[in-house]
Amino acid sequence: MTRRFALRRLLCGMLLMATWGPVAANSFGGKKQVPDASETHSMLDRAPASAYKLANPYHGRPNAAAAGRKLFLRQCAQCHGENADGGRNAPPLRSGRVMQAPDGVLFWFLKNGNPRAGMPSWSSLPPAQRWQIVSFLKSLQ
Amino acid sequence: MAGSPDEFHRIACGVWCKRWLRNLLIVLSVCGGNVTIARAQESHYFVTYDHHMEEHGSLEIEFEPTTARPSGGNRFLSGLTEFEYGTTGWWTTEVYLEGQSTLHDSTVFSGYRVENRFHVLAGDHRINPVLYVEYERLSAGKALKEVVGFDGEADELAPNAVARREIEHEVETRLILSSDYKGWNISENFIGEKNLGHEPWEFGYAVGLSRPLGLAASPFHCNLCPENFRAGVELYGGLGTADRFTFHDTSHYVAPVMAWSLPAGPTFRISPSFGITDPAYGFILRLGVSYEFSGFGRAVRGLFTGRAQ
Chain A
1 MTRRFALRRL
11 LCGMLLMATW
21 GPVAANSFGG
31 KKQVPDASET
41 HSMLDRAPAS
51 AYKLANPYHG
61 RPNAAAAGRK
71 LFLRQCAQCH
81 GENADGGRNA
91 PPLRSGRVMQ
101 APDGVLFWFL
111 KNGNPRAGMP
121 SWSSLPPAQR
131 WQIVSFLKSL
141 Q
Chain B
1001 MAGSPDEFHR
1011 IACGVWCKRW
1021 LRNLLIVLSV
1031 CGGNVTIARA
1041 QESHYFVTYD
1051 HHMEEHGSLE
1061 IEFEPTTARP
1071 SGGNRFLSGL
1081 TEFEYGTTGW
1091 WTTEVYLEGQ
1101 STLHDSTVFS
1111 GYRVENRFHV
1121 LAGDHRINPV
1131 LYVEYERLSA
1141 GKALKEVVGF
1151 DGEADELAPN
1161 AVARREIEHE
1171 VETRLILSSD
1181 YKGWNISENF
1191 IGEKNLGHEP
1201 WEFGYAVGLS
1211 RPLGLAASPF
1221 HCNLCPENFR
1231 AGVELYGGLG
1241 TADRFTFHDT
1251 SHYVAPVMAW
1261 SLPAGPTFRI
1271 SPSFGITDPA
1281 YGFILRLGVS
1291 YEFSGFGRAV
1301 RGLFTGRAQ
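Going line by line, the protein sequences match chains A and B.
Quick note on numbering: the first sequence equals residues 1 to 141 in the working numbering.
Quick note on numbering: the second sequence equals residues 1001 to 1309 in the working numbering.
Be a bit skeptical, because a hint or two may be false.
Said to hold, decoys possible - Pairs of lysine to aspartate or glutamate, EDC-like flavour, derived with a Cα cap of 20 angstroms:
| no. | chain 1 | residue 1 | chain 2 | residue 2 |
| --- | --- | --- | --- | --- |
| 1 | A | 111 | B | 1124 |
| 2 | A | 138 | A | 82 |
| 3 | B | 1194 | B | 1115 |
| 4 | B | 1182 | B | 1199 |
| 5 | B | 1194 | B | 1166 |
| 6 | B | 1182 | A | 82 |
| 7 | A | 53 | A | 82 |
| 8 | B | 1194 | B | 1155 |
| 9 | A | 53 | B | 1124 |
Stated by the list, open to error - Selected chain A positions facing chain B (in silico; Cβ < 8 angstroms):
| no. | residue |
| --- | --- |
| 10 | 60 |
| 11 | 70 |
| 12 | 74 |
| 13 | 78 |
| 14 | 92 |
| 15 | 94 |
| 16 | 102 |
| 17 | 123 |
| 18 | 129 |
Claimed, not checked - In silico negatives: residues of chain B with every beta carbon more than 12 angstroms from chain A:
| no. | residue |
| --- | --- |
| 19 | 1043 |
| 20 | 1053 |
| 21 | 1160 |
| 22 | 1184 |
| 23 | 1215 |
| 24 | 1233 |
| 25 | 1248 |
| 26 | 1258 |
| 27 | 1260 |
| 28 | 1283 |
For the record, the hints were derived by calculation from the structure and aren't laboratory data.
Virtual Cβ for every residue (Gly too), placed ideally from N, Cα, C.
The task is simple: from the sequences and hints, build the whole structure.
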């Protein structure tokens, strides 16, 4: 009985190590993610041709940028900074490459993200809200 | 006194919960300004999982009380405390602590669950597969977090003192398929659960459909804007076992879901579940409140490396 109990404890310990060990390694000694604008730029370059053809339905609507700013502060500012100047672990979004990217490419990037570089996919946001964020980003130039 | 309102208060934030919370609050307070409360990009369902992962380095804490009354039994209140951490952008790890209090009976700590979810494909696709593996060690658990096999209300009739004699070691796996389309989310979960005590595999399913009440955001700051609300419905139930794969004698539920996310604050969820087959509970009420702490991993790392992050 004691042996069985010990075996169970060992199994539980191994399971916890297997699940939380990498978490700890990632937190304390893992590879740090450094803000790297080139990572974002190369991801933008990978946008499919169809993304370039997408037109922003909110283009020219003054309220869209205001709504986009609200969404940006809520969802993006923790990493990219309140003024999109970049943060501790995310690049600035006022760079020329981001500003020059077509609206459709930014929309595509928001939808897909780049998890390897720490940028989550924002496909949970409805398309209208992603377009509003794009309108806000474009209003920064 | 068993079954008194005090008992329900104890389970809502009992001794076990208070200890964990105290330790967590210490860590959060030491981390100070490096941790911010953010709006979570989280699932709005209670039983169904979608493909949205916890953001890298973020910690989400959620409290999920559930109450139901089995026919011929006593009403219970189950409390689930969830700690969800974004290990990477494609890997989310969660730990659950669970307890329950039954009227005219007792309050018990039921056990814990450890789960991992892996987003298989990079980017967003028409169908996004996620693999889910969970280990649970439960005794007299009544959280009803999933329905598999021939689970039903008759399972919860045993007094806590009897139910606690059996400790269940189970592994639960899910194949999660989830899609976002024009603001709608549709998610399907295929569940397989194995009791490690030489019992056959049990199967179940969960399907969820939801969308925000407002697709476009208002330009004004507001708590009651339609885009802060999300409504949906879940359908879930058991599919028998490996020996007897069937709909017959299994429990099935339909459950409307409503979520309200405060800007840069907590998310509140409510879901009344209605049993649509005989073995199922007639009614289950689930509530949830969650906070997300953005930059938690970075702040903890800063504590140990001594560098301001």
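Tested hints:
Among the hinted pairs, residue 111 of chain A with residue 1124 of chain B is consistent with the structure: their alpha-carbon atoms are about 7 angstroms apart, no more than 20 angstroms. A C-alpha spacing of about 15 angstroms is found between residue 138 of chain A and residue 82 of chain A, which places the hinted pair at or below 20 angstroms, so the restraint holds. Of the supplied pair hints, the one linking residue 1194 of chain B and residue 1115 of chain B holds, its CA atoms being roughly 14 angstroms apart against a limit of 20 angstroms. Among the hinted pairs, residue 1182 of chain B with residue 1199 of chain B is inconsistent with the structure: their alpha-carbon atoms are about 43 angstroms apart, more than 20 angstroms.
Annotation: proposed proximity of residue 1194 of chain B to residue 1166 of chain B holds, straight-line Cα distance about 15 angstroms (limit 20 angstroms). Restraint check for residue 1182 of chain B and residue 82 of chain A: not satisfied, since their Cα atoms lie roughly 28 angstroms apart, outside the 20 angstroms limit. Restraint check: the Cα-Cα separation between residue 53 of chain A and residue 82 of chain A comes to about 30 angstroms, which exceeds 20 angstroms; the hinted pair is violated. Under the criterion of a C-alpha separation no larger than 20 angstroms, the hint pairing residue 1194 of chain B with residue 1155 of chain B is consistent with the structure, at around 17 angstroms.
Between the alpha carbons of residue 53 of chain A and residue 1124 of chain B the distance comes to roughly 18 angstroms, so the proposed pair stays at or under 20 angstroms and holds. This hint is violated: residue 60 of chain A has a C-beta 15 angstroms from the nearest C-beta of chain B, more than the 8 angstroms allowed. A least Cβ separation of about 6 angstroms between residue 70 of chain A and chain B falls short of the 8 angstroms threshold, and the interface hint therefore holds. A least Cβ separation of about 5 angstroms between residue 74 of chain A and chain B falls short of the 8 angstroms threshold, and the interface hint therefore holds.
The criterion of a C-beta within 8 angstroms of any C-beta in chain B is met by residue 78 of chain A, whose closest approach is roughly 5 angstroms, and the hint holds. The interface hint given for residue 92 of chain A is violated, since its Cβ lies 18 angstroms from the closest Cβ of chain B, which is over the 8 angstroms cut-off. For residue 94 of chain A, the interface hint is violated, the least distance from its beta-carbon to any beta-carbon of chain B being 21 angstroms, above 8 angstroms. The beta carbon of residue 102 of chain A comes no nearer than 18 angstroms to any beta carbon in chain B, farther than 8 angstroms, and the hint placing it at the interface is violated.
At a threshold of 8 angstroms, the smallest CB-CB gap from residue 123 of chain A to chain B is about 4 angstroms, leaving the interface hint in force. Interface hint status for residue 129 of chain A: upheld, as the beta-carbon distance to the closest one in chain B is roughly 5 angstroms, under 8 angstroms. Interface exclusion of residue 1043 of chain B from chain A breaks down, the closest Cβ pair being 9 angstroms apart, not more than 12 angstroms. Not every Cβ of chain A is farther than 12 angstroms from the Cβ of residue 1053 of chain B; the closest lies at roughly 7 angstroms, contradicting the non-interface assignment.
With a least beta-carbon separation of about 22 angstroms from chain A, residue 1160 of chain B lies farther than 12 angstroms from that chain, consistent with its non-interface assignment. The Cβ of residue 1184 of chain B does not lie farther than 12 angstroms from every Cβ of chain A; its closest approach is about 9 angstroms, which violates its non-interface assignment. Separation of residue 1215 of chain B from chain A is inadequate, the least Cβ-Cβ distance of about 4 angstroms not exceeding the 12 angstroms criterion. Remark: the non-interface label on residue 1233 of chain B is consistent with the geometry, its nearest Cβ contact in chain A lying 18 angstroms away (cut-off 12 angstroms).
Its beta-carbon lying about 35 angstroms from the closest one in chain A, residue 1248 of chain B satisfies the requirement of being farther than 12 angstroms from that chain. Here residue 1258 of chain B stays apart from chain A, with its beta-carbon at least about 17 angstroms from theirs, past the 12 angstroms limit. The beta carbon of residue 1260 of chain B is kept farther than 12 angstroms from every beta carbon of chain A, the shortest such distance being approximately 14 angstroms. The non-interface label for residue 1283 of chain B is consistent with chain A: the shortest C-beta to C-beta separation is roughly 30 angstroms, beyond 12 angstroms.
Comparing the model with each earlier hint shows violations of hints 4, 6, 7, 10, 14, 15, 16, 19, 20, 22 and 23; every other hint is respected.
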